[in-house]
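Protein chains: 4
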Amino acid sequence: MTVARRTTDGRADDPRELLCQLLRQFYANGWVSGTGGGICGLDGRDLLVAPTGVHKETIQPPDLFVLDPSTGAVLEPASGSTSRPSECVGVFRAVLRRRGAGAVMHSHALDAVLAADLGDDVLTVRGFEMLKGIRGVANSDEHAVPIIANTAHEADLVSGVERVLEDRRFAQTYAVLVRDHGAYVWGADVWETKKHAEVYHWLFGAARARRS
Amino acid sequence: MTVARRTTDGRADDPRELLCQLLRQFYANGWVSGTGGGICGLDGRDLLVAPTGVHKETIQPPDLFVLDPSTGAVLEPASGSTSRPSECVGVFRAVLRRRGAGAVMHSHALDAVLAADLGDDVLTVRGFEMLKGIRGVANSDEHAVPIIANTAHEADLVSGVERVLEDRRFAQTYAVLVRDHGAYVWGADVWETKKHAEVYHWLFGAARARRS
Amino acid sequence: MTVARRTTDGRADDPRELLCQLLRQFYANGWVSGTGGGICGLDGRDLLVAPTGVHKETIQPPDLFVLDPSTGAVLEPASGSTSRPSECVGVFRAVLRRRGAGAVMHSHALDAVLAADLGDDVLTVRGFEMLKGIRGVANSDEHAVPIIANTAHEADLVSGVERVLEDRRFAQTYAVLVRDHGAYVWGADVWETKKHAEVYHWLFGAARARRS
Amino acid sequence: MTVARRTTDGRADDPRELLCQLLRQFYANGWVSGTGGGICGLDGRDLLVAPTGVHKETIQPPDLFVLDPSTGAVLEPASGSTSRPSECVGVFRAVLRRRGAGAVMHSHALDAVLAADLGDDVLTVRGFEMLKGIRGVANSDEHAVPIIANTAHEADLVSGVERVLEDRRFAQTYAVLVRDHGAYVWGADVWETKKHAEVYHWLFGAARARRS
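Protein chains in written order, with the numbering used here: chain A, 1 to 212; chain B, 1 to 212; chain C, 1 to 212; chain D, 1 to 212.
Keep in mind that the hints were calculated from the coordinates and are not lab data. None of these values were measured; they are calculated from a predicted model. No residue lacks a Cβ here, since even glycine has one placed at the ideal position from N, Cα and C. The reader is advised that the hints may include incorrect statements.
[To be verified] Derived contacts from chain C toward chain B, CB cut-off under 8 Å, selection only:
1. Asn29
2. Gly34
3. Thr52
4. Leu114
5. Ala144
6. Ile148
7. Asn150
8. Ala152
9. His181
[To be verified] Listing some non-contacts, in silico: residues in chain D with all C-beta distances to chain C over 10 Å:
10. Gln21
11. Leu42
12. Val66
13. Val74
14. Arg98
15. Gly119
16. Gly127
17. Ala155
18. Glu162
19. Asp167
20. Phe170
Please work from the sequences and hints to get the whole structure.
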C-alpha cells in the first residue's frame, strides 16, 4: 500500500505535499512541538521520511528524504540540507514490514504520555463510538493498546515495538504507546494514518477524562 | 425551512459552500475528528448531505450528495467519488421530519460524550445565560437534553432518536446526546444549527466544569 | 477618548475594520460563540455597535450600527440588514458615561462564568504579574472585580452595572462579572479594551486553576 | 551566536521577520497575551528587541529596536513609534552575557505560572522523553529549573536571574521560572529558543498534569 495519489475523497494529492501538510496539522494539535515527533509514507517503492531535529511545521516537500524501506538506505537526501532522516526510521520500518502499513506517524502529545500512565503494559479502551474509527474495530470491543518502556535512544525502541507487534493481544491495534514519550500510529496509507492518529489521540484524552 | 441563501447577517451564501465551511470549523473545534460526525442541510426541496468515511475538513462543494429528504433516495451522487452519503442520514431525516428542521449536525466532541456521563436518560441544564441561545429558551429555564443509548450501527439510532423526539419533556430541545458517542444538534436553517451547536457544546462543557 | 486611528504600535487602522477583526479574535478565543457577546467603540462622536443575534465572527464593517452615545439613538443603521444593535447597548453606554471608556466588550467565556462562581459579590485577584496589564494596578495589589446577579434580559443589567461602577471598592476595575453569564471589560480605546480583555480572561482562568 | 540567516531546515530567513512570526506564534499559544511577554535576538552585533506595551502579535519588522547588547544603548529606534524597548532588556542582556545565548523569549503562559507553584526555589522535572529537546539533556536526567521570586518591576528581576545563572545546580538549564509571573527561555539562536520554549512549556504542563 502506498500514499494514495487519489485520496478517499476523490482528489489527487502530491505525497510530499500531503506529508508536509499533515506535519503542520500535527503541530497545530500539539503533537510534534519542539521539533519532536515525525512522519513517513510510502510513495510507490520509495519511503518518504521527514528529517530529524527540525521544526516539523516548517518542513517543505524538498526537505523529505527518500529511503529504501527494506534496507533503510538513503536513496535521495533532502535538498540543500545537512540534516539526517528522522531517528524514528527503525521503528517506522518495523511497522511497515510487520503490519503492511503505508505510513506511520510519531506523536509527542501530552495526552499520549498521560494515557500511558493509565496502564502497565496495556491500555484497554472500551465504551466509545470513536473505536469504530479504527479499522476492523467495533464500538463494543475492548481495544488493547500496547505500552512499551522508553529507551535512551529512539533507535532502541525497535525491539520493544517488534515484540508487541508480534503479540496476538495487539493484532487489531494500529498504535503503540511509549511510556513518558508518546505514541506511534499507522494505517494503510497516509489518510488512514491521519484518521487513526486523530481517533487514538481522541481516545487517549477520553480514557483519561473518564478515569479522573 | 431551508438553507438560507441570504443569511441573518445580510450576506448571500451558496449552501454547498456554507456546509463545507462549517465542517472545517467543526473540525477545528474537535467535533468531527477522525472522519467522524457530519452535517446535512435543506436546499429548497433537496437535502445536501456530506459523505461518510471522509476527512470532514477536506470536503468540497461537489463532494456533497443530493438526497430526497422524504424518501432518502440519492438524487445526485457526489462527483467523482465512490463514497456513500453519511450513515447519519436516517437520524438526519427523522429530525427534519419530526421537528421541521432545516439542517442537522452530528458531533463526536469529547465534551458531548462526557456530558452524557452526567445523566441517566436526561441531562438537565440550568443556571446559564447561554441557554438563551436556544430558540424559545429563557436563562431561568431548566433545559432537558435527552440521552439515548448507543447502538452498534449509526442507522440503528433512529428509533431511539424518534422516541425522544416524541417525548413531551424534550419539546423545547434542539439536541440529542448519544451515550459514549456524541450529539445531534439542529435548527431551522444552517445558521441556527451552527448557533445551536455552539451553544450546546458550550453548555456541555460548562455542565461538566460546574459538577467537578 | 476614541477608537485610536493611529494605534499604540504606530499603525493606522479603520475603526470599523478593527472592531470586526477583534470579534473574529474573540470568537477564536471562545468568548463570543453562539452569537453571544459583543463589542462597541467610539469613533469620534459616534458609537459603533455590533448587531445582536448575529454570528460575531462573520460581522463586516458595514454591519455595524452608528449610535449617539449620549441618547442611544441609531444615527445610521447597519447596511442591508434587518438586525438591531446589540442588546448590550444599555450596559455599554453606562460604562462609557461613568468611566469615560472608549470601547467596551462583552464576553460569554466559560472562564468568566466559572470565575464568578469563586466569589459572592466580588472576585479578589492577587499574586499575579498579569495584574500589571490593568491600567493603574500593581502586581502586589489585591484587585477586586465586582460580580453582579444575572437578569432575564440584558437591558436589565444596567442598574446592577451602574451600582458597582459607583462602588468605591471597584474604582480601579475595568471589568464586571455577571454570574452565570460572562463579563463586561473596557478601556480607554479599542486597543486597551483588547488588552484588558486578554488580561482579565487570563486572570479568570488563573484564579480558578489556583483554587482547584 | 546569532539569529541564523540560514535556518536548521535549510531556508534563509530575515531575522526581523522571523522574530515577528514567532511573536504571532507565541500569541496563538497564549504565551504573550495582553501585551505581555517578549523576545530578543542577536543579528550579528546588533540586538533586536520587541517594544514594550504593544500587542505582540501585531509587531512588524520595523517596530523592532536595535540595541547594543553590551551596553543596552538604543542604536536604532523603532520606526514611527513613541514606544520603548521591552522592559525585559535587563534580563535579556544578563542571559546573553552569562550564557552566550543568541536569543531569549519571555512568556506569561499560565502553565509556567502554575509550574512555578509546584516548587520552592526549583522545579525538578524527570521522566519525560521531551527532556531530550533541551540541549545536552538526556531523558533519564533530573532537570532542575530555577524558580525566582517576582519583583514589582521587571528590571528588578535581573539580580535574581543572575544569581541562578551562576548557580551550578542550573548549569544545564535554558529557562528561569518567575513565581506568579512566567518564564524566560533561551537558546543559541532564535530557532533553538523557539524549540526550547516549546519543550519547556510542554514540560511545565506535563509536570502539573502528573502531580494532580
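Evaluation of the provided hints:
Violation of the interface hint for Asn29(C) is found here, the shortest Cβ-Cβ separation to chain B being roughly 13 Å, above the 8 Å cut-off. Hint on Gly34(C) holds. Least Cβ distance to chain B is approximately 4 Å, under the 8 Å limit. For Thr52(C), the interface hint is violated, since its Cβ never comes within 8 Å of a Cβ in chain B; the closest pair sits about 10 Å apart. Checking Leu114(C) against chain B: minimum C-beta separation of about 6 Å stays under 8 Å; hint holds.
Hint on Ala144(C) is violated. Least Cβ distance to chain B is approximately 23 Å, over the 8 Å limit. With its C-beta approaching chain B no nearer than about 12 Å, Ile148(C) sits outside the 8 Å limit, and its interface hint is violated. The beta carbon of Asn150(C) comes within 6 Å of a beta carbon in chain B, closer than 8 Å, and the hint placing it at the interface holds. A distance limit of 8 Å between C-beta atoms decides the matter here; for Ala152(C) the minimum to chain B is near 6 Å, and the interface restraint holds.
A cut of 8 Å between beta carbons decides the hint on His181(C): the least distance to chain B is about 4 Å, and the hint holds. Distance check for Gln21(D) against chain C: the nearest CB is about 16 Å away, which clears 10 Å, and the non-interface claim stands. Every CB of chain C is more than 10 Å from the CB of Leu42(D) (nearest about 23 Å), matching its label as outside the interface. The beta carbon of Val66(D) sits about 16 Å from the closest Cβ of chain C, which is more than 10 Å, so the claim that it is off the interface holds.
With a least beta-carbon separation of about 16 Å from chain C, Val74(D) lies farther than 10 Å from that chain, consistent with its non-interface assignment. In this structure Arg98(D) is separated from chain C by more than 10 Å, as the shortest Cβ-Cβ distance comes to about 23 Å. Every Cβ of chain C is farther than 10 Å from the Cβ of Gly119(D); the closest lies at roughly 15 Å, confirming the non-interface assignment. Separation of Gly127(D) from chain C is adequate, the least Cβ-Cβ distance of about 23 Å exceeding the 10 Å criterion.
Distance check for Ala155(D) against chain C: the nearest CB is about 13 Å away, which clears 10 Å, and the non-interface claim stands. Once the 10 Å rule is applied to beta carbons, Glu162(D) is consistent with being away from chain C; the minimum gap is 19 Å. Even its closest Cβ contact with chain C, about 23 Å, leaves Asp167(D) beyond 10 Å, as expected for a residue assigned away from the interface. The claim that Phe170(D) lies off the interface holds: its Cβ sits roughly 21 Å from the closest Cβ of chain C, which is beyond the 10 Å cut-off.
Checked against the numbered hints given earlier, this structure breaks hints 1, 3, 5 and 6; the rest are met.
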